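Enquirer: So you can see what is in the structure, the chains are spelled out below.
There are 2 protein chains.
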Amino acid sequence: MAEQQPQLGPRKGAVLRAVVEEYVRSGEPVGSETIAEHAGIGVSSATIRNELAALEELGYLKHPHTSAGRIPTDAGYRFYVDSLPAGGGLRDAQRRAIASHYAEAILDLEEVLKGSVQLLSRLTQYAGLAVPPNASEEPVVRLEVIDMGPSVMVLAVGHHGRVDKRVVDRPESALPATFARAEKRLAGLRGLTYAGAQARLLQLAAEGPADEHELMLHVAETLRTAQQGDRATHVVVGGVANLADEAQTWRRETLRRLFETLEREKEMLQVLSDVTSARGALSVTIGGEHPTTGDLDASIVAAPFKSGDTTIGTIGVVGPTRMDYVSAMASVRAVAKRLTELATELDQ
Amino acid sequence: MAEQQPQLGPRKGAVLRAVVEEYVRSGEPVGSETIAEHAGIGVSSATIRNELAALEELGYLKHPHTSAGRIPTDAGYRFYVDSLPAGGGLRDAQRRAIASHYAEAILDLEEVLKGSVQLLSRLTQYAGLAVPPNASEEPVVRLEVIDMGPSVMVLAVGHHGRVDKRVVDRPESALPATFARAEKRLAGLRGLTYAGAQARLLQLAAEGPADEHELMLHVAETLRTAQQGDRATHVVVGGVANLADEAQTWRRETLRRLFETLEREKEMLQVLSDVTSARGALSVTIGGEHPTTGDLDASIVAAPFKSGDTTIGTIGVVGPTRMDYVSAMASVRAVAKRLTELATELDQ
DNA sequence: CGTTAGCACTCGCACGATAGGAGTGCTAGT
DNA sequence: ACTAGCACTCCTATCGTGCGAGTGCTAACG
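Going down the list, the protein sequences come from chains A and B. Residue numbering for the first sequence follows the working numbering, beginning at -5 and increasing consecutively. Residue numbering for the second sequence follows the working numbering, beginning at -5 and increasing consecutively.
Just so you know, these hints were derived from the structure itself, not from any lab. If a hint is listed, it holds; no wrong ones were tucked in.
Some but not every residue of chain A turned toward chain B, in silico, with C-beta under 7 Å:
1) G155
2) K159
3) L249
The model shown is predicted, which means the values in this text are computed figures rather than measured ones. Glycine included, every Cβ here is placed at the ideal spot set by N, Cα and C.
Let's have the full structure, built from the sequences with the hints guiding it.
Expert: Here it is as structure tokens:
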């Protein structure tokens, strides 16, 4: 991550880092004096002032007003994050919290995600987010069409434990016998992936008897939405109360918009996919780097988790741009790693 | 509801109602002058002042400080709510919004609830809440134990469309053939209620072959948690962003605690059951009338919805004690009524 | 006797002025 | 290249202070 970092010279870098760290800690604009004293740079405040002015010129810092200290811009945070060492940063207490959280084995991936999101929100004091696996590559272990009188329930069970259900109007053509035949035919799809089964189903619907036609289309549709996620996938959100904490920088109105956005699952799904597709492992999106976070003065730290080699989901945290990136990144990295181990294991 | 209303005399009642309405509208303490002018009571502000002092003495009003107007206490709101006429209060726009929301038929009760909660939050500008049906009396239409390699998925499908799943460790004794036999036996339970099926299962587990024993117990446990709701039932919450609105009276810290509470599903479940068990139809809980709402300066307006004659769930809104009770009560009443129609219909 | 006009009194709050201080930016000296 | 020194800026905390909303009391009125 640090390769394309703009050259600032080592001292400018150190000063910028010091400003970010101090500002994140205190929430107050940082002055030259503070840095000269606390950060271990062996120069006077006057020199720091020159550096600060230069950093402001370069767009890394800004000034609320003339006689105040400096605050990092999004670009300033970006430099800071990119200059962080790759690993570590986990405090002992956090390490222990993670270990004990996963001590008790839970087999249902959905439950695991909910727990992990809660864990992350507690570790970081921000809100946790997760996108559960997309179904496309998951093998189907069961497909059913259940006759419920005036309606029909279509049920799909995936190999990793997902269950997708859908209730639809009962086709007029369907007789009790139709269901039995359809289920037999559906049993033949066991083992195919969601994507594969969906394709095969469209074929079956066309070839098969007329009374099964509509039923099969409903099953195919169920499989489709399960893959698409725009309807079926629910973003898991937890610990939102943390965002309302007094310590957070948000104004009331921004806070309201933040909560609104968190409730719009579709948008969150989009944001999270934008955010992770960009980079391989841990990704950090700072304020204006994404339109949604920009509007909210928010940052997202997220990482994919995998089963074996394929990415199956994303987990992370949302917080203010003035975020403790070190702690957030370390926590997300550790939890994603743990989830990858778990998912790989659940998959045998 | 209005029977046991303490006698205040008609004018005191009118004054108190005027204070509540004005305070809810403006958010500012209400003075005698305002009432004398706007509320259609034909007396001077001096007389109103006497009434106000008396109402304060009686505990219905309070005073932020000597030279400010009056604010209703919880008891004041209670009097106001109890004195409201039983029906009506729905504005035309709201009535239309409700009608159009339910115009499109949705068959899945869970989805309907999510939608209804959103609708309520939009109608009232508070947060919507719902407790989905408890499974006890619902007939089971399908029970399955699915062999997923190292684990087993237990699946129960209810007649109203609920699906409960549970992933457990695979019992060592279970062979592939065990699953087939077990599923056949489980098919025999179709049509029993969750409660009935659970009882029967414990019997089957005892009588049946040893290799099925553990499997059956897992199924029984799945049915049990589905009924209990302390694990399985998820309170549906929506529109929480409304609570962060600037217009709401909450301080930041109270807001944080409110969000925290809303995330604790178990507590919310408890609150909602406390709140509705008390009264038959529409219930209003104001601030200190319940410990949880008291801590949060919040009120809850909720109503049960039924299928036929049996109550199957609860829906309502949470807002500040300074709430527009008329609108909230009318909206909740209307939505609950609509839900009852829908649920009764879905049940044939 | 309930109601009302009148009025003194209270008290929070918005407002303006002021002092203090944090922090800058510049200059000159090392 | 760095630093000490210093004038300057501009925010913010503080303190009166006056205003006005609103009360509560009293005395008069029908």
